[in-house]
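**Q** One letter stands for each residue in the lines below.
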Amino acid sequence: MTTDTAKAGARMVPLREGMFRMPEQIDMPAALLGNRCRKCNERFFPPRVFCAACSSGDMEAVEFAGTGEITTCTIVHQQPPNSVMVPPYAIIRLKLDDGPQIQTVVASDDLGNVRIGARARLLVRRLKEDDAGNTVVSFMARPIPA
Amino acid sequence: MREVVVLGAGLHRFGRFPDKTYQELGREAIKNALEDSGVPFPDIEVAYVGRVLAGMGTGLNVVSEMGQTGIPVINIEMACASSTSAFREAYLSVANGVYDTALVVGFEKMERGMIQISESTSFQSVMGLAVMPAAYALQAQRYMADYGATPEMFAQVSVKSHKAGALNPYAQYQKETTLEEVMASRMIADPITLLQCSPTTDGAAAVVICAADKAKKYSAKRQMTVAGWATGSGKYQSQGEGDGEGEADSEGSSDVERLARIAYDRAGIGPEDVDVTQVHDAFSPGEIFMAEGLGLVPKGEGARAVWEGRTEIDGDIPINTDGGLISRGHPIGATGAAMVTEIFRQLTGEAGPRQVKGGKAKVGLIHNAGIGGVNILVFKN
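The listed protein sequences correspond, in order, to chains H and F.
The C-terminal residue of the first sequence carries number 275 in my numbering, and the numbering is unbroken.
The C-terminal residue of the second sequence carries number 382 in my numbering, and the numbering is unbroken.
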């Protein structure tokens, strides 16, 4: 199954509103929409209402560019309940260059370059179609070959 | 706070019992625990019940099987650590003089397959991120990169676990397995294979505790003392420069060190004093991470300790002598009370072929984790 084609003319809808900047086309870079605590400077994605570190509610919206380094990764071979990701796929932790560590997935067609220490960028990729025929998309990582 | 002792414990065998209700499972464990303790049910003043999936009113449904004595029945949930949470609450209520005798019971009936750890419509679920073995697998991959451990070392935990389970008539799995079989079983999330995952299980476990100065009136000839405890949830860990870990690990696995220290301080001991341990091996790497987090071995040396057999029944740091979650089974509400049961058998010299240290074990340690946090318990004899 290809993950990188949208049906011609199909609308892209995000899996969740407000998590990333929707690019013009599928498989284009995704800037993540997170936030920062004004009191203690910790940064979060997904954005939090109250700071996890100091519980302040004084938060400021921040965008993260969506590039970083893979700090750990695992290849998943069994499809968990309610998931649309078809194994094998990878779950990775990515330390963003300009933000916190996040967790995301790497689709089957990108597994070859997944390794600890590899750089990766976040793209908006196809997850599934919804009942209305829209292409549901979310942020996923694509490792950059060394 | 006054001293509190465990007078008895009992189990219903762990396994699959599609024709048994959770009431039957719980009743049998309670009956066995009461007989083991010499405490008649009418003397129980309060019951703390650990259970997760069964829903409303289920604690009373189980406890009232023994009689309708009008006692408070308190339902406690912390996922896989529900019945150590129940034990802790029972202990604190007796230690603080609210009650003299308390019953702790944990039970669960479970469906097969991966447990759903996130709301089914959450973005994590849809994107395939909500995979329980993945958290352990991610940590295992990092551990291998940092310390040079191999996948075989994690798999060895399962080999050891099955060997111990074969000596435990209450265990779900009572057959030894080889390293080759563990490595060759279906890969779930690299490096964790199917035989390195704890199963879904039906089962129940119960424990009876009593104020130490009231224990004399009961016929139980042996007891163990609650010496220390600690509980906490995942604490946010900044990595400096405003870049945190994101959400703290919901199972609190990075919090074990600070919580173990609190429990050891309360018990007046250090990790070097521990004779026998139960840890939460939901997946095989858990044993290695917890052996380190609890201070039983230095950081980075856990995998080698397992590989060298140090955590076997006849090793110097025996861990999960009854098979642990992997082989004893993991009925999520009951596991905590089953851990207490095995430590009780070990410290009272009644563990039979699983007995460690020639029957001279004096200090037992429990680590039980669940979505919600970590419970640590220390017992002495």
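Among the hints, a few may not be true.
Here are the simulated DSS-like pairs of lysine-lysine, each with C-alpha atoms no more than 30 angstroms apart in a straight line [to be verified]: (1) F:Lys-32 - F:Lys-217; (2) F:Lys-361 - F:Lys-217; (3) F:Lys-164 - H:Lys-224; (4) F:Lys-300 - F:Lys-217; (5) F:Lys-236 - F:Lys-32; (6) F:Lys-21 - F:Lys-236; (7) F:Lys-21 - H:Lys-224; (8) H:Lys-168 - F:Lys-361; (9) F:Lys-32 - F:Lys-300.
Computed footprint of chain H on chain F; a stretch qualifies when at least three of its residues, placed anywhere within it, have a C-beta under 8 angstroms from a C-beta of chain H [unchecked claim]: (10) 108-122; (11) 160-171; (12) 263-275.
None of these hints come from the bench; they were simulated from the model.
Computed from a predicted model, the values in this text were never measured in an experiment.
For each residue, glycine too, the CB sits at the ideal point set by N, CA and C.
**Q** Against this structure, judge whether each hint is valid.
**A** Comparing the hints with the structure gives:
1. Between Lys-32 (chain F) and Lys-217 (chain F) the CA atoms are separated by roughly 21 angstroms; this keeps the pair inside 30 angstroms, and the hint holds.
2. For the proposed pair Lys-361 (chain F) and Lys-217 (chain F), the alpha carbon gap of about 23 angstroms is at most 30 angstroms, so the pair holds.
3. Annotation: proposed proximity of Lys-164 (chain F) to Lys-224 (chain H) is violated, straight-line Cα distance about 40 angstroms (limit 30 angstroms).
4. In summary, the hint linking Lys-300 (chain F) to Lys-217 (chain F) is not supported, as the alpha carbons are separated by about 43 angstroms, beyond the 30 angstroms threshold.
5. Restraint check for Lys-236 (chain F) and Lys-32 (chain F): the C-alpha separation of about 39 angstroms exceeds 30 angstroms, so the hint is violated.
6. Note on Lys-21 (chain F) and Lys-236 (chain F): the hinted pairing is violated, with a Cα-Cα distance of about 40 angstroms set against a maximum of 30 angstroms.
7. Our distance criterion of 30 angstroms between C-alpha atoms is broken by Lys-21 (chain F) and Lys-224 (chain H), whose separation comes to about 48 angstroms.
8. For the hint pairing Lys-168 (chain H) with Lys-361 (chain F), the CA-to-CA distance comes to about 54 angstroms; that exceeds 30 angstroms, so the pair is violated.
9. Proximity of Lys-32 (chain F) to Lys-300 (chain F) is assessed by CA-CA distance (about 42 angstroms); at most 30 angstroms being required, the pair is judged violated.
10. With 5 residues carrying a beta carbon less than 8 angstroms from a beta carbon of chain H, the stretch 108-122 of chain F meets the three-residue requirement, and the given coverage holds.
11. Remark: the stretch 160-171 of chain F is not confirmed as covered by chain H, as 0 of its residues place a Cβ nearer than 8 angstroms to a Cβ of that chain, below the required three.
12. Counting residues of the stretch 263-275 of chain F whose CB lies closer than 8 angstroms to any CB of chain H gives 0, which falls below the minimum of 3, so the coverage claim is violated.
Of the numbered hints listed earlier, those contradicted by the structure are 3, 4, 5, 6, 7, 8, 9, 11, 12.
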